[in-house]
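Chain by chain, the residues run as shown.
There are 2 protein chains.
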Amino acid sequence: MGFEATFKALGDPTRRRILELLRAGEKSAGELAAQFGTTNATISHHLSVLRDAGLIDDEKRGKYIYYSLNTSVMEDIYAWVAGLLGGNGDETEPPV
Amino acid sequence: MGFEATFKALGDPTRRRILELLRAGEKSAGELAAQFGTTNATISHHLSVLRDAGLIDDEKRGKYIYYSLNTSVMEDIYAWVAGLLGGNGDETEPPV
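Chains as they are written, first to last, in the working numbering: chain A, 1 to 96; chain B, 1 to 96.
One or more hints might be untrue.
It does not matter which identical chain is used: a pair holds within one copy or between any two.
[Said to hold, decoys possible] Only pairs whose alpha carbons sit at most 35 Å apart, straight line, appear in this in silico DSBU-like list of lysine-lysine: (1) Lys27 to Lys60; (2) Lys8 to Lys60; (3) Lys27 to Lys8; (4) Lys27 to Lys63.
Derived from the structure by calculation, the hints contain no laboratory data.
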């Protein structure tokens, strides 16, 4: 597994902020756009990048699509970073 | 503080592998290049990206420059990811 798409998605401050907002629970694109004072179209682009990177899920209910954190890829990142920080002198490394 | 340069640096598999190798302790560019079967020049480019992102330090000793992990930025990433994974329903977030 590669982390390319994940790290690319995380490299943008708006996308990181979206993840922080979704930490509190699912939100629609409109609710997110309101937080940023921007259009739904702008937010939708960021949401599609996050979704393609596996960082969020979407679910259509009625008129709206609701976005929520998908923590599984983030847990892989967390484990990889923890592995680097917990260096103990051997050269084994987690699969990346 | 922004994570742009950090996440960009981490988006490359060779650079992630360099960090994994440095986890075991400092290495020269030549030692790293030998691990990848590539030239020092190729590795030096990746090392400069990692250094500019604050992820590694370098120290010249004698004829060689030795590279080592700088964990402080990585600890910031770790804390940010941990904050996302530890979501508890409020919307506070760490400074990014």
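Going through the hints against the structure:
1. Lys27 to Lys60: Close inside one copy (11 Å), not across copies (51 Å); limit 35 Å.
2. Lys8 to Lys60: both (26 Å within a copy, 32 Å between copies)
3. Lys27 to Lys8: both (22 Å within a copy, 27 Å between copies)
4. Lys27 to Lys63: The answer is within: 13 Å in one copy meets 35 Å, while 56 Å across copies does not.
The structure meets every hint from the earlier list without exception.
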